[in-house]
Amino acid sequence: MELFLQTLIDGLLIGGLIIVVGIGFSLCFGVMHIVDFAVGEWVMVGAYIGYVFVRYLGHDPMIYLPIIFVIFCACGWIIYPLIYRAVSGKRHNPVLMGLVFTFGLSILAKGGALSIWGYHIQSITTWLSGKSILLGVATVPALRFSGFIFGILVTVLFMVFLYRTRFGITIRATAQDREMANLLGANVRNVGSFVYSLYAGITGMAGVLIGALFSIHAAMGAKYCTLAFFVVVLAGMGYVPGVIIAALILGLLQSFVGVYIGGRFNLVALFLVMYVVLLITPKGILRKGI
Amino acid sequence: MSVVAERLKWNSASLLWRWSPLALISLIALVIPWIVSPLWIRISTEILMWAGLAQSWNIIGGYTGYLCFGHGAFFGLGAYVTGIAMIHLGWPFGFGLLISGILAGLLAAVIGYPTLRLRGAYFAIATWAFGEMIRQIATILEITGGAFGMQLPAFLNLPYFYYVTLLITVIVYLTTYLLLERARFGYKLLAIREHEEAAEMVGIDTVTIKIKAFALSAFFPGILGGVYAYWVTYIHPDSVLGAQITDFMVVMAFLGGIGSLWGPFLGAFVVQLINRYLWLVWGEGTFYLIIIGAAICAVVLFIPNGIIGLMEARIFSPREALKQLRRIVKW
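Chains as they are written, first to last, in my numbering: chain A, 1 to 290; chain B, 1 to 331.
Just so you know, these hints were derived from the structure itself, not from any lab. Be aware that a few hints might be false.
To be verified - Covered by chain B, per the in silico footprint, the following chain A stretches (three or more residues, Cβ under 8 Å):
| no. | stretch |
| --- | --- |
| 1 | 40 to 53 |
| 2 | 72 to 86 |
| 3 | 173 to 186 |
| 4 | 278 to 288 |
Small disclaimer: the values here were computed from a predicted structure and weren't measured. The C-beta atom is built at its ideal place from N, Cα and C for all residues, glycine as well.
For reference, chain A alone in the conformation it holds in the complex:
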């Protein structure tokens, strides 16, 4: 029973962090119909940037989070025009062109990280590392708990922004009907630029926390790419609120499979779940996807 509760709490805590990776990705698809293959690479690069900051400037990685957010927003802002060019113009299939372009970006980022930092596994230590908190019956690492808190915080801010501000309404309008939003005076290209840089910033920040929680290596992107994909398939593509539930389910699934069956079967179990979901409700478990 204790093991069960521990696993449950662990899963929820991981799920909290997965939300952050999935939410920007989902919005990105909803607004611009871009499936960003580089999502895992944003996480990876975020973790490495955090590592570089801690190594060369010292202090705790948590205080760098705002700076990293700004850096990644800038990166997204710079990259977006390229993506826009890839998905617009006289192309056979704009969605697929966007996919291939971000696929290229992800290979580029992976190759860059491998060339700079090599195959060594790095890690970030914070003042929370090694401490733990007693949560009811289970003891959880403080870092994992703070990651969860961070995830919830970012999600709440994100949702408030999306549902309670004027610009958030513009974004949702663009997601609903691009042409109509454009006719009503929304600058669709600007919205896309903004959403992409917001997504890059959030994902990069999540990368720092993930890097502190687990280990950092150049091939870690693939794992988070898979997780982000599973989250949006489960949530329904482009349906942002579904991400929260889907990410929590995924975190639980991961930790239960890891504890009761074996961590090696994680991906197999995830894939089976995705297969069944696609077979039964292709629009996500809430049937709200597009």
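Chain A is fixed; fit chain B onto it per the hints.
The following block gives chain B in isolation, referenced to the frame of chain A:
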């Protein structure tokens, strides 16, 4: 009378013009093992193998317009199935190849059944995850040798593997030509790529056609994977199931020009030559990943129709090239 004669002459001239390069290429391909060094036999075999793989990717990615990012899984599956058939079951090589191809095709049909009914993005995601899963399964299972890999009976005969690869690649290109360029099946696929709803409206059973195309495009990588396994004699999950297999297929098909018969061949030729050249100059490294990534991005941004598209736009005549360049660089 003279008109007809003229016409006949002209036709035969154009026919000659059309088929002579192909005949020349075939001749060169047939005599290569006799005239070059073993290193270059290896490299030519690799080029042929990649040409076949890129073309099989092109069947689903280029002609049908559904991007598969897990095609390397079929290649690795073929390699492992052939290995298992030869070591554990004692079957002959050719039979193992056939089984590999059929299994890969069946698996593609099973994966494609739910995912191909949806938009392209779902398919891309599902196949990518599928590729990752297959790699993980190969590391878990006992029969595949886990992370240590699998040792096949050694058969060190470079020309043999060269000719086997040549044969299979020729079959891939012939199949593509006959089935996709010259038959109703190919036109149906093009209709699906251009406008799926319209294709469905005029009575094409889109789901079945797409599954067939996917199974066909998975069949050949299965066979080529088997040949590769017997050729290199030692396989492990990273070498035959690694992400780089799919990466190379995509970049070759895109560079050459997707949805065309000769595009993947050109792409494979250029990419593999550059790859091997860099390898000879720099040795083993990770820098090639940066080049591949940048190449994919550049091709998507600037020449979305690939080398074939450039040829069709007559870019290789200087005046036209200048005009095109001006048009492309202008944002």
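Verification of the hints:
no. : hint       : in the structure
1   : 40 to 53   : violated (count 0)
2   : 72 to 86   : holds (count 3)
3   : 173 to 186 : violated (count 0)
4   : 278 to 288 : holds (count 3)
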